[in-house]
Amino acid sequence: MPAQVVKLSWLKPGTLWKARNGPLASLLGDPTGRDRSRWVAAQAARRGDTPDTAASADGSRGVPVAGDDLVIARDDPDTFSFVVIGDTGEGDGPQYAVVPGLLEAGAGTRFAVVCSDVLYPVGSGDEYGPKFFRPYRDYAAPIYAIPGNHDWYDGLTGFMRVFCRAPALPPAPRPRALSAAWWRTLLWAKPETPDDERLDEERLLRGAPAQQASQPGPYWAIDAGPLRIVGIDTGLLGDIDREQGAWLRRVSAGDRPKILVTGSPIYVDGEHHPCAIEGGGTVDEIVTDPAHHYVAAIGGDIHNYQHYPVDVDGRRIEYVVSGGGGAFMHATHTIPRVHVGGVTEDDFRCYPLRGDSLAFYSRMYGRRLRLRRLFDLHPDEASAVVAQRLGTAPVRARGTAGAAGGAATPGLRARFVASVLGVPPRPHRRRWIRMPVRKTLTGLLSPASATYDPPFFKSFLRLDVRPGAVRVRCFAATGMLGQEQNPPVEDEFTIVLPPHQGDRQDR
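By our numbering, the letter at position 291 of the sequence shown is numbered 291, and the numbering carries on one by one without gaps.
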């Protein structure tokens, strides 16, 4: 880590003011679709003027693109591996603590994909040094990315400069006076102009030929071995514009097996969010269409790991949340007993475990409210009370109360803490008063709960592709030395790939 690290605080008014574009888009209209279209058009114009055909060691430099369809044609064999990591860059201890395990478990992978929110709080181009180039300087392969809402807080200027070498866009036309768009423009946070000289120096941290990658825009597709990996940009509010929707339908055609990577997960927190497309339809309709041969959809934005194996007319599509790459942790203990899309609690997996999440937040609330003796739960206690409230089997079973701090039957204090910290009760049970754990905490208090003492409950994915199958493993990153040297696997499953009749260049 750098000698001097600024710990990001989401309770500071200055930080919230910098991130004001999200609430403004919700209130006064979202310009993301218009601006995304401008970025893509500008990139299309530039590709003819500034070709870069120098190939890197793995053949990915130069971004071979099929027409205007933003498809990166890589030269990967039928057997290869890659990494997916989401919501990474606060530039502090929890982000850097992910790196040793990532390098260990990600050894030999051909590339990595960042799914959502490369940088916090506002994606400024001048912060990519300590929050991207420095932490991943020893990862020996290219890194591609799709933006999250925080990357859009500066109009995507920093993201496009780093990943696409794109200059800033000219100002958009001025809206009609006193319209909602006019008021939005008046209050909108203007993008910072990155310091190119400084950025060029920081690029040298990942300056090896094998590390170089460029991508054609904020959304793209990668043809890698037998797979097509399709990355979409869900902007500020978690949907996509009409132009990107038409592109997604084009690149989803054909029988090549596909994995979607998205900034907004489709199944998350026990709910289904199909992701609307401007003009009609949803992203999930495209994913579940049997003609498109999707086998998985991986999303970021929520800072934990969740896995929903959904049966779609006899086919299984693996829906995954992978947002544990370094940013503050979103709670899992607030997820109700799962019953969505045919997925039951027995099928569902998450990390951190709900009990560990409750123990973490009980310590946080106890510390902040100066009521540690009331709130602070041992992980065994937390696991037992979560199991009781959800009607599931305890993940940890230590026997009788008092055994190593555990409790087979949670006491009144544990039940009270679980209730006020948002553990959902079993159906038809009365709820006690609850602290603002899900909606408010996600928006404000969860970011403020960042801790710099391990365990951190971070995670990342390794996908091992071979003919006919993809093995997916979720590795934990806690900041503990032993787990840095030997990262534990928190979940593992295998995707069976459908037969692929076309060649690697099908469109």
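It is possible that some hints are incorrect.
Quick list of in silico lysine to any residue cross-link-like pairs, SDA-like style, CA-CA up to 25 Å [stated by the list, open to error]: (1) K7 - Y452; (2) K12 - S26; (3) K7 - T185; (4) K18 - F133; (5) K12 - A25; (6) K12 - T185; (7) K18 - G254; (8) K190 - R368; (9) K7 - D347; (10) K12 - K190; (11) K190 - P170; (12) K18 - A181; (13) K190 - L11; (14) K190 - A208; (15) K12 - P173; (16) K18 - E318; (17) K190 - L178; (18) K18 - L187; (19) K190 - P454; (20) K7 - P454; (21) K18 - P173; (22) K190 - R206; (23) K190 - G33.
Keep in mind the hints are simulated off the structure, nothing from the lab.
request  = Sort out whether A181 lies within 25 Å of K18, counting only the CA atoms.
outcome  = At roughly 19 Å apart (the allowed maximum being 25 Å), A181 and K18 satisfy the hint.
query = Straight-line Cα separation of K7 and Y452 no greater than 25 Å?
reply = Cα-Cα ~9 Å, so holds.
ask   = Under the criterion that the straight-line Cα-Cα distance not exceed 25 Å, is the pair K18, E318 satisfied?
value = Given that 25 Å is the threshold and the Cα spacing comes to 36 Å, the pair is violated.
Proposed proximity, S26 with K12 (alpha carbon, max 25 Å) = holds, 22 Å
key: Restraint status (C-alpha distance of K190 to G33 at most 25 Å)   = holds, 17 Å
task = Compare the distance between the alpha carbons of K18 and L187 with 25 Å, and conclude whether the hinted pair is satisfied.
result = Roughly 11 Å separates the two Cα atoms, so the pair holds.
query = Are the Cα positions of K190 and A208 separated by 25 Å at most?
reply = violated, 33 Å
request  = Take the C-alpha atoms of K190 and P454, compute the straight-line distance between them, and say whether it is at most 25 Å.
outcome  = violated, 36 Å
Hint consistency between K18 and P173 [alpha-carbon to alpha-carbon, up to 25 Å] = holds, 23 Å
inquiry  = Please verify whether K190 and R206 have alpha carbons no more than 25 Å apart.
reply    = violated, 29 Å
key: Hinted pair K12 and T185, Cα distance within 25 Å   = Roughly 24 Å separates the two Cα atoms, so the pair holds.
task = Verify the proposed pairing of K7 with T185, using a straight-line Cα cut of 25 Å.
result = violated, 30 Å
Checked against the numbered hints given earlier, this structure breaks hints 3, 7, 8, 9, 14, 15, 16, 19, 22; the rest are met.
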